[in-house]
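Protein chains: 4
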Amino acid sequence: MSDIKKVVLAYSGGLDTSVIVRWLQDQYQCEIVTFTADLGQGEEVEPARAKAQAMGIKDIFIEDLREEFVRDFVFPMFRANTIYEGEYLLGTSIARPLIAKRLVEIANETGADAISHGATGKGNDQVRFELGAYALKPGIKVIAPWREWDLTSRETLMAYAQQRDIPIDFAKAGKKSPYSMDANLLHISYEGGVLEDPWTECEESMWRWSVSPEKAPDVATYIDLTFENGDVVAIDGERLSPATVLTKLNQIGGANGIGRLDLVENRYVGMKSRGCYETPGGTILLKAHRAIESITLDREVAHLKDELMPRYASLIYNGYWWSPERLLLQGLIDESQVHVNGVVRLKLYKGNVIVVGRQSSNSLFDTRISTFEDDGGAYNQADAAGFIKLNALRMRIAANNGRALLK
Amino acid sequence: MSDIKKVVLAYSGGLDTSVIVRWLQDQYQCEIVTFTADLGQGEEVEPARAKAQAMGIKDIFIEDLREEFVRDFVFPMFRANTIYEGEYLLGTSIARPLIAKRLVEIANETGADAISHGATGKGNDQVRFELGAYALKPGIKVIAPWREWDLTSRETLMAYAQQRDIPIDFAKAGKKSPYSMDANLLHISYEGGVLEDPWTECEESMWRWSVSPEKAPDVATYIDLTFENGDVVAIDGERLSPATVLTKLNQIGGANGIGRLDLVENRYVGMKSRGCYETPGGTILLKAHRAIESITLDREVAHLKDELMPRYASLIYNGYWWSPERLLLQGLIDESQVHVNGVVRLKLYKGNVIVVGRQSSNSLFDTRISTFEDDGGAYNQADAAGFIKLNALRMRIAANNGRALLK
Amino acid sequence: MSDIKKVVLAYSGGLDTSVIVRWLQDQYQCEIVTFTADLGQGEEVEPARAKAQAMGIKDIFIEDLREEFVRDFVFPMFRANTIYEGEYLLGTSIARPLIAKRLVEIANETGADAISHGATGKGNDQVRFELGAYALKPGIKVIAPWREWDLTSRETLMAYAQQRDIPIDFAKAGKKSPYSMDANLLHISYEGGVLEDPWTECEESMWRWSVSPEKAPDVATYIDLTFENGDVVAIDGERLSPATVLTKLNQIGGANGIGRLDLVENRYVGMKSRGCYETPGGTILLKAHRAIESITLDREVAHLKDELMPRYASLIYNGYWWSPERLLLQGLIDESQVHVNGVVRLKLYKGNVIVVGRQSSNSLFDTRISTFEDDGGAYNQADAAGFIKLNALRMRIAANNGRALLK
Amino acid sequence: MSDIKKVVLAYSGGLDTSVIVRWLQDQYQCEIVTFTADLGQGEEVEPARAKAQAMGIKDIFIEDLREEFVRDFVFPMFRANTIYEGEYLLGTSIARPLIAKRLVEIANETGADAISHGATGKGNDQVRFELGAYALKPGIKVIAPWREWDLTSRETLMAYAQQRDIPIDFAKAGKKSPYSMDANLLHISYEGGVLEDPWTECEESMWRWSVSPEKAPDVATYIDLTFENGDVVAIDGERLSPATVLTKLNQIGGANGIGRLDLVENRYVGMKSRGCYETPGGTILLKAHRAIESITLDREVAHLKDELMPRYASLIYNGYWWSPERLLLQGLIDESQVHVNGVVRLKLYKGNVIVVGRQSSNSLFDTRISTFEDDGGAYNQADAAGFIKLNALRMRIAANNGRALLK
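Protein chains in written order, with UniProt numbering: chain H, 1 to 407; chain A, 1 to 407; chain D, 1 to 407; chain F, 1 to 407.
Hints listed in this document are in silico derivations from the structure and should not be mistaken for laboratory results.
Possibly wrong hints are sitting among the right ones.
Copies of the same chain look alike in the list, so a pair counts if it fits in one copy or across any two.
[Claimed, not checked] Distance condition first, Cα-Cα at most 16 Å in a straight line; then the derived EDC-like pairs of lysine to aspartate or glutamate:
no., residue 1, residue 2
1, Lys347, Asp224
2, Lys407, Asp224
3, Lys58, Glu109
4, Lys407, Asp72
5, Lys215, Glu204
6, Lys347, Glu196
7, Lys347, Glu204
8, Lys347, Glu203
9, Lys215, Glu155
10, Lys6, Glu204
11, Lys58, Glu204
12, Lys347, Glu201
13, Lys407, Glu335
14, Lys215, Glu63
15, Lys6, Glu63
Keep in mind that this is a model prediction, so the values were computed, not measured.
One chain only, chain H, in its complex shape (with noise of 0.2 Å):
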């Protein structure tokens, strides 16, 4: 352990990343860089600076990473309609590899040798941190706190925080959340607390980034999402940067009561775990871009795709960001996209996502050809009788052959 030189940390400016800071200068007596980043989680992350330099922290690196987190990270998530689950939008999984990739730049550019977190053992975001660290930059030390150290509980770190002058916003550490959160442009999380108790419903007052369904407003909102290449570029004609897109869309879809998720989910480390999401952008973004893609993918490409998406959902959720199998199923996935370019209209209202309309210059729905009027030959009816015939014909075999399928 002792052979660490510099550690790059993955720095919040709260509680427990300073905690983190004091115990690794502590354990490690090793140099440490802060890094803190703002992806959209919605507080200030300038003040981290202050709170670093009290703790002597020399190398302080504060970013805005919000554009690259959604053009490089939410977007492509999203051209595979990607849903864990089922039903989970996979908010805090795709920040992870965004993370772990500025840890291991910093710490070249640094000269670190290690890389640090506030994850627990328990939770997916140590993995998803790790093994992109790992994949980045293979001889990379990882030093994980929760996993080493005996300050297991809110008390046992706040004396370890009075005891070791740490600059603790005692306002804010009173007012502190019963529940465990994590935020970024694309959703804000809930667990713990009281949803430890699956039967137990999520009380209103937990909700931070939308109204409820029954406070959105009575009249519905209308928009409509101008895609090309499988993203959003514009909203109601206006051409937006990703990061802008997701912003308004957050704004929007929490005024409608729209994105909010309450699920049991299956974590990489073997346990259970249930979970409260906010995700008005990012619900709205996934009906619209299958919208978009119901008029311009070919059948059997949209069918390849969703057939892929739950590997490539958990491989994602699973820390896989970095790893050769996901970089392929993105390359897919991306060329797929060459055509889903379009308007799609949208009705919003109270917690619905509506899908009104859409249109493209890419369109692949013909109406010459579905149309229950005259199509004027473009489709021959009795096609169908020998398509059927020879789709039909191994089953025919079976059957003469005595194969019974009803019981």
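We have chain H already, so just place chains A, D and F on it with the hints.
Quick look at chains A, D and F alone, frame taken from chain H:
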């Protein structure tokens, strides 16, 4: 053609299939058996008897298949959380194999050598009827009048009807819906008319089974669904038959503005088509089933099901219910449900289906392990380090070999 | 029918396609362009010119496509270790899309509005030709004489030929093989005749490209194959073009009794059929490619490829080479090959292809880690305990919940 | 550690596991139960009794598990045509879950609270033993000495043995193979030594179960294998038990130079390793099973099995035999075999396994349909036109929309 002696016709009693009766008599000079089923479409089936008799039919089968439909078709499908192309709950698709089965069984009973149906040559239903029939009775002949005749417009059909003394309910024919519709206990569907432009929002007046979210009550409805082996067996503690469960969920869901869907789908015959669907009960079922599975299914079993689901959905959509591969997948799915028991509490509000609680004596949710509080040693956080290290090994070796994941 | 002006025919110069020339002239009164390709079938293509001229054809295309065939079709397919139904190396399937492409290109060049081919209505080749043609030129018309005419026996064909002055090579026609055969640089196939009974062993005299293992040399042949990006670029250090590589491997393989196959396969049109194949070079290629991948591919990439392979093989077998889904999969496969470089040493002996060595500068085989000897700390065995513990966790929770895996 | 009272050890009677006995006595001061199984490894198991007794063991289990091994593990695995990474027949992998099961059952019987084994911390076998044990008995403790002790070289082991009075068979220890080996009725494996360089050809002297193709008889051997529900039940018409079938196929195969394999595989713990394998009987089984399936399985069932196989193989390789997902897949696989009955005739010659005939009363091979001769109307070739047209429709629409498949 002239060698067909007796044909069993899927007969609704409506104009189209009444014309088919007469046309079959004219064209094939054969005896006709009519089969009319109550699948919960919400219209009386008994009137079909008099209409058939008026056209000289002697063998008339009128059957209430609602329980069989839900028990043996709808519920098995929902055990897989089945959705076609991310959206469609397969309401039409799942009714066809039951009709195909009864057509074949009635053909066997009455000594008929052919079946007939009123599906067009452009849609999926012809495929579903005929693949089922061929699979169950390989020597059966199929007459699909829409692929043969020249009565391709409503006017020619009406003219044929008048000319050949077919009893038309002019009142009904007059107020004919502008949409092509299909209904059964699982859903009602709308196609054609103004829907042929995917940019046009559907009219509120089109929907028949549900109120709009706007018109739904301002106070949420809570229900408890009890699951046994993956199927709902009770609502709010009251034990109900399968068809009664679905009927009641349709009422509750429809009253709360739940289950409307507007999408563009890919037909098996190769074109895209716009469909609007109301599936109130099914929408509730799907959400609740995922919730009960979330606490009772093993992670890898859940993921295996999720990966197989798109293929299973395509099989049903494409008409392969009666195929050996669907039966094999069904066996796996059914076997996976043995522990899917418990209760899910839902909040229904203006189009939203919100899971607020789930409990089960088969729950794999183990708070002692997942808790953020002291777990008394149930989980050893240090194990995670080794877990991550070995999962990262292959990627570290690759990186050491000079393979860069970042461009 | 009569509206077809000019048709491009895949013309071999043999009896069947010569009859087709005349029949097209008779039936369609249209101009005919013949296209004859050297794909390595081992017969002269130039003689087709005189035959075509003798029947009045003016536009005659005779092309050597061997390099394109191997470079753009065979090699890409082998990058996926493609096998259909566990056995078949797809020798016929992979040649069809190239022919389809050239038929379409020639149609574009010559202003033809139709294509024609000599494949029967029972086989896969009609599907492969026509799907390719429709995908590349959606308005093309297709004439498949075997599905239209009544010349269904050899006798009627011969009679028609004599009657309509078609030049027949009687010497050749007389010694006509009892098998239906197809050949190109990848393989030669045999169907029909005594093979129609799957219990009958094929006769030694049938095989044309390889000696039997019994007749092969008593001394093994060793060869080194050099791979770049998944393709063989050199044999025994000598750099060779794609077609030359395959030609040489066929010679070496055939001389060593390698590559015979006798199987029953499932056709896309719904029936089973017996086929015998000689694929000497391909059999060597497949084995060697797997060997070079075994040291250069990441594990999860290899497994992803293995899981996608059956679907990719079916796409090729069924005629979907020219489809968006095949192209997407190809992109993924090709991208996976960027590190598949190195040398494989093989021992060829009486039908056996034995890998005896593989080496690569991109090797991920890291002896320092896998060694049974002292690894100097490269791998920490204690990590395995945590790895196993967390992988077991979900199963332990289930067992604690009373779920028994043993009946 | 000291709280372990009694441990069941997988005991071979060799040096390594004898040292483990003593080491467990020394380190854990606990009672030891030895378990030695005859899985067909070809060595006497009875001598293990005296050795165990000599070290003071009282509870000694020595069992002949050959029939159970083949019936309940090997045969079920072969029903899926299981191959790991395109090559490996999983000979070691498939034996581990049976040993895990017996270790747990004996622990239950004898009231032991722990199990122990002699697998190292670098290999797959530790994972297979321990995942199985945890899944079957979640509270079991596992002692893996190779992950704990410092006896990491043969010298230290020998020294420990002498010092602690462990009976060593010096004759045997002297002629110790330079390879790490494992054997059971399905195969014998070789790792380590010169094999650690993947460019080095293995020595002829290494192989123990088979003659080289060169040394095999110059005359082929023909055998008929009879299948029932996917398993071989008779050889040349003689009904045999599962273990006897495999024993006999090993003899016949080994005598004909069949079943040698030299490959590099990806271990679950993250590294690549070279392994050489002799699987004479298994190689024959696999080929024959595919052949009987080729005439008896439905096409889509066969393809479903092929697509699931790599995942199923990985489950077994990685040690998840005792997992709910493997059991579900097994159920599907077993159900698929109900019609896999009949006889396969094989020609065995110098390393080659050649299928020369297959027949079955469940055959779906229907010559009347596939014949090149007149089929009497069993198949209507005109159906193919419609089949192709509708399968091409989506691609024609795309091409009409301007999407080009060729660059």
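Given a CA cutoff of 16 Å, do Lys407 and Glu335 count as a within-copy pair, a between-copy pair, both, or neither? Result: close only across copies, 14 Å inter versus 46 Å intra.
Under a CA distance limit of 16 Å, which applies to Lys347 and Glu201: within one copy, between copies, both, or neither? So Lys347 and Glu201 pass the 16 Å test across copies only (10 Å; inside, 28 Å).
Treating 16 Å as the Cα threshold, decide for Lys407 and Asp72: within, between, both or neither. between (53 Å within a copy, 13 Å between copies)
How do Lys58 and Glu204 come out at 16 Å by Cα distance, when the copy is not named: within, between, both, or neither? Classified as neither; 42 Å inside a copy, 64 Å across copies.
Go through the copies and call it for Lys215 and Glu204: within, between, both or neither, with a Cα cutoff of 16 Å. within (11 Å within a copy, 24 Å between copies)
Pop the pair Lys215 and Glu63 into one bin, within, between, both or neither, using alpha-carbon distances up to 16 Å. neither (36 Å within a copy, 47 Å between copies)
Reference check for the pair Lys58 and Glu109, CA-CA at most 16 Å: within, between, both, or neither? within (14 Å within a copy, 63 Å between copies)
Same-copy or cross-copy closeness of Lys6 to Glu204 [CA-CA at most 16 Å]: Classified as neither: same-chain Cα gap 44 Å, cross-chain 53 Å, threshold 16 Å.
Same-copy or cross-copy closeness of Lys347 to Glu196 [CA-CA at most 16 Å]: neither (35 Å within a copy, 19 Å between copies)
If the cutoff is 16 Å on CA atoms, where do Lys347 and Asp224 land: within, between, both or neither? Let me know, please. Classified as within: same-chain Cα gap 9 Å, cross-chain 30 Å, threshold 16 Å.
State whether the alpha carbon distance between Lys215 and Glu155 is at most 16 Å within one copy, between copies, both, or neither. For Lys215 and Glu155, the Cα distance exceeds 16 Å both inside one copy (38 Å) and across copies (51 Å).
Alpha-carbon proximity context of Lys407 and Asp224, limit 16 Å: Result: close neither inside a copy nor across copies, 52 Å intra and 33 Å inter.
Checked against the numbered hints given earlier, this structure breaks hints 2, 6, 9, 10, 11, 14 and 15; the rest are met.
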